[in-house]
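What follows is the residue order along each chain.
Number of protein chains: 2
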Amino acid sequence: MTVPTLLVLDAHPLPRLGRLTGRARIVHADAATLAERLPEADVLLVWDFTSTAAREAWPGEGPRPRWVHTASTGVDHLMCPELAASDTVVTNARGIFDQPIAEYVAALVLAMAKDLPRTLELQGSREWRHRESQRVAGTRACVVGSGPIGRTIARTLKALDVTTALVGRVPRTGVHGPDDLDRLMARADWVIAAAPLTEQTYGMFDARRFGVMQPSARFINVGRGQLVDEGALAQALTRRWIAGAALDVFRDEPLTPDSPLWQVPGLIVSPHMSGDTVGWRDELGAQFVELYDRWEAGKPLLNVVDKQRGYVPGH
Amino acid sequence: MTVPTLLVLDAHPLPRLGRLTGRARIVHADAATLAERLPEADVLLVWDFTSTAAREAWPGEGPRPRWVHTASTGVDHLMCPELAASDTVVTNARGIFDQPIAEYVAALVLAMAKDLPRTLELQGSREWRHRESQRVAGTRACVVGSGPIGRTIARTLKALDVTTALVGRVPRTGVHGPDDLDRLMARADWVIAAAPLTEQTYGMFDARRFGVMQPSARFINVGRGQLVDEGALAQALTRRWIAGAALDVFRDEPLTPDSPLWQVPGLIVSPHMSGDTVGWRDELGAQFVELYDRWEAGKPLLNVVDKQRGYVPGH
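First to last, the protein sequences are chains A and B. Residue numbering for the first sequence is 0 to 314, as defined by numbering that gives the first Met the number 0. Residue numbering for the second sequence is 0 to 314, as defined by numbering that gives the first Met the number 0.
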């Protein structure tokens, strides 16, 4: 019996796949060599989840792997019509980032309520300036995205006594549908974007929606940059339609030094790090090995992405 | 029947005591006039809780008010041996600051775990630099001070899945005694000072205790500046005995521009604002009026400070 060929779209550091020794022939590829190596692969591990190389290489000639796993929650960087139409199973890193991202959102909510950025600024200029801050308990949040990340964010905010509503693609128990979004945004103190990037969510946070928000409200994006019309957000902040915002994800990453977003008043910019706590790469590697165990044993895979929708459906 | 005389040690803004119209003769004083007016007062409201004028004026000649209320949790700024030995009842603002301070501590814990100060610094220089951050869930906190503020901090941190130990003056169910402090500090990721200033707590966080902490641990003080040997803390940070700290209270407030504390590496300095959320002064005023209602009706007062210990005992 020949061992399956596992093609890894590399990033640094490499995944620790020692447990697969003798169980997979591991072949490495980068953006330049992926297209050429794809036909020989049984499994593709998209370890470099910042790369769109898989999406670009996939439509080419020859056979294709039966299984693709991405070390990320979002699959927008690898999905293409040919992959969606194929029999190849796509799995993702669902679960790894839930709690870290929820904590990151809580950190941003509390930091903004307590005016921490201004405190650090005043410290820099050695100024003692007492201000009143905001109580977080009793405020309202609207979390857009009802997958595990959105639900964990909601649970964490509720633990801080924030009244939290979840919005998903379809209404169900405990989850509002898109029709409720404007109404919920209009009364929220915190609007948090944690949705996958799909045709329905692309650009959903636009000038009209920022216009619906309260002047005292704040917006946080930990989903995908493309959910947001960045120009409209910058304008909403500059014109004080809303009180503040934090973006951890952007349309073009990394943000270049000349991006105007670095200096929008009231905007906190962070480098797509919300889910990445110490040890996250090891957790991602271990998760893949666990899925490989199942695949090898012929058991059904977990975290199987609905390729039409672009995420893992269901609770 | 003559209405009682209520002497108010003023601060700006003044308390809103409209509900006491006709029920109290309200007399205002500042640091210069307090000593002179004290003998005529039935009640003293220390509204300016930053002032030590009450402590200085109290030992003087003449009769003294039967009741002193301070619009603060700490009473260190007003207690003196003569007041402690007298029959005068002292009450404080217990309860008003619990949740705001607990949220402020959570904001600091999360901001430090997620490296938010560095993120803001990098944003200022337009640098995209991804870092790994820390998961807060599963870390350990040691909260020193087992009054309502300490307990609310502990409850809030537990809601974020932080394993939290409380340390108080005497061991009891759910509260460790001082003998456990070194052991708890040695394994804590977060040491949080929320104790009243007493003879026992003065300078308790010194070089030896910072030396006991883990190099990855962080220290937060939201109690009183005098709990901490500030020089020892600065040294512990500079020598990297500990990973970070945040001080909201200081031995001398306000901190002057020439204080070395503004620039200690890894130290977040904030201007004694942790408990002061929007509306806090109204809450303090309403709390005093509620106590006045009881006092006027001859009912026992609440929030009665044990003048020997320097705080409201119980639980």
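No lab work stands behind these hints: they were computed from the structure. Quick caveat: nothing in here was measured; it's all calculated off a predicted structure. Be a bit skeptical, because a hint or two may be false.
A few chain A residues that face chain B, going by a derived Cβ cut-off under 8 Å, partial list only [unchecked claim]:
#, residue
1, Thr-118
2, Gln-133
3, Arg-139
Glycine residues also receive a C-beta, built at the ideal position from the N, C-alpha and C atoms.
Right, here's what the structure says about each hint:
Taken as an interface hint, A:Thr-118 checks out: its beta carbon lies about 5 Å from the nearest beta carbon of chain B, inside 8 Å. Interface hint status for A:Gln-133: upheld, as the beta-carbon distance to the closest one in chain B is roughly 6 Å, under 8 Å. Given hint, A:Arg-139 at the interface with chain B, is violated; its Cβ is 16 Å from that chain's nearest Cβ, farther than 8 Å.
Taken one by one, the earlier hints fail for this structure only at number 3.
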